[in-house]
Amino acid sequence: MKAVKILVVVGILLLMGGLRAAPEDEIATDPVAAKAEALVKLAPRQQKDEIERLSVEDARSMRDYLIGKAIREDPSAGATFYLYEHLASIAAIDLAEKRLHKLLMVFVIVLGLFTGFFIYLLIAQNRLIKRLSQNQPSEGAIRSSPVYRGD
Amino acid sequence: MSLKPLSNLTLAVLAISAFSVFGSVLFGLYYPPVIVAQGEAHRIFYIHVPVAWVALYSPAAGAVAGLLFLFTRSERFDTLVLVSMKLGLLFALGVVITGPIWASTEWGVYWNWKDPRLMSFFILLLTMGGFFLVRGFTEDPRRQSLYSAVMAILCTGAAGLTWFAIRVTSPDTHPSSVLGAMSPRIRLAFWVGVIGFHIFFLLLFFLTYRIEALRKWEREKG
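In order, the protein sequences belong to chains R and A. Numbering of the first sequence is given in the working numbering, commencing with residue 1 and proceeding in unit increments. Numbering of the second sequence is given in the working numbering, commencing with residue 1 and proceeding in unit increments.
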């Protein structure tokens, strides 16, 4: 039993050692890791430009790689990243909501403006045609007029 | 002038044109990818830029009609001037409403008085307002038509100033022309918006001209 326990502990230690792959190997084999390492070395302004060009999948993979790397270097960082991610998502959701509100405001105002003008045109045309039709004498009125017309 | 009802084909074309704006706006909402830096607010681009293009073309159409009026003195061209300027003002209002809303998400301010493009568009808007003031305060119909033609040409000068301000001056806050830098999906959604709003402009032009021509006829009939 004691031997089994020792073997289990050794096995766990070996597994953890295996998981902690040499960083240089990971960068050489994983393109996401290589991109992430290159991104870290850039100046902040260049980083911003590069981040804007990333696809959502690449951004997610690079985030997971960098967090994994930070946790390997400092195991206590895991709790900090967990907290940070949830707090940052609250701010991101709030910003996305504000942007969506602005977009909807533009939609409502523009469609209201153009639709309103379009409806105004249709109503104005209707009224004008009705008024002009009422002002025009009918065929019967012309024929029954007392004015001599020579026929 | 006879009051003929619109043919079925004309009505069908008008109905399709009426939905062109809605269709292009929906296409801009669903088809192109989001630009991460601006989030969903960037989709205002598919409305703001086509509306701005029409707001710049409409006074140009009015100026052409104005020049034709000055040479021919035909009332039909005066009606075209009035219609072009009415629609130009409508679309210009659309630009100054959508632009600041977009700007507040992108730059944090609604308006930048130091930006040459925003100021040139503001001048265009003032010139358009001046057109209607001049037309409204001129009682003599012949002078009204004459002054309107001249004002339409002035408005086109302001529109040209705005057009070149976007391309010639260095960017302050307002972005420079982005025609060459769009991804394929964004470019397609943009051009769908441009076509949709231009078709809608033609529809409004047709209807507004019809009404103005009828009003003129009613006035002449007494």
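Hints should not be assumed to be uniformly reliable.
Cut-off 30 Å, straight-line C-alpha distance, at most; resulting in silico cross-link-like pairs (DSS-like, lysine-lysine) [said to hold, decoys possible]:
id	chain 1	residue 1	chain 2	residue 2
1	A	Lys-114	R	Lys-130
2	R	Lys-41	R	Lys-69
3	R	Lys-130	R	Lys-98
4	R	Lys-48	R	Lys-98
5	A	Lys-114	R	Lys-98
6	R	Lys-41	A	Lys-114
7	A	Lys-221	R	Lys-48
8	R	Lys-35	R	Lys-48
Hints in this document: simulated from the structure, not taken from any laboratory. Quick caveat: nothing in here was measured; it's all calculated off a predicted structure.
Checked hints:
For the hint pairing Lys-114 of chain A with Lys-130 of chain R, the CA-to-CA distance comes to about 51 Å; that exceeds 30 Å, so the pair is violated. Straight-line distance between C-alpha atoms of Lys-41 of chain R and Lys-69 of chain R comes to about 15 Å, which keeps the hinted pair within the 30 Å bound. Of the supplied pair hints, the one linking Lys-130 of chain R and Lys-98 of chain R is violated, its CA atoms being roughly 47 Å apart against a limit of 30 Å. Our distance criterion of 30 Å between C-alpha atoms is met by Lys-48 of chain R and Lys-98 of chain R, whose separation comes to about 22 Å.
Distance restraint check for Lys-114 of chain A and Lys-98 of chain R: the Cα-Cα separation of roughly 26 Å lies within the 30 Å cut-off, and the hinted pair is therefore satisfied. As the CA atoms of Lys-41 of chain R and Lys-114 of chain A are separated by approximately 37 Å, the hinted pair breaks the 30 Å bound. Taking the CA atoms of Lys-221 of chain A and Lys-48 of chain R, the gap is near 68 Å; set against the 30 Å cutoff, the hint is violated. For the hint pairing Lys-35 of chain R with Lys-48 of chain R, the CA-to-CA distance comes to about 14 Å; that is within 30 Å, so the pair holds.
The structure shown violates the earlier hints numbered 1, 3, 6, 7.
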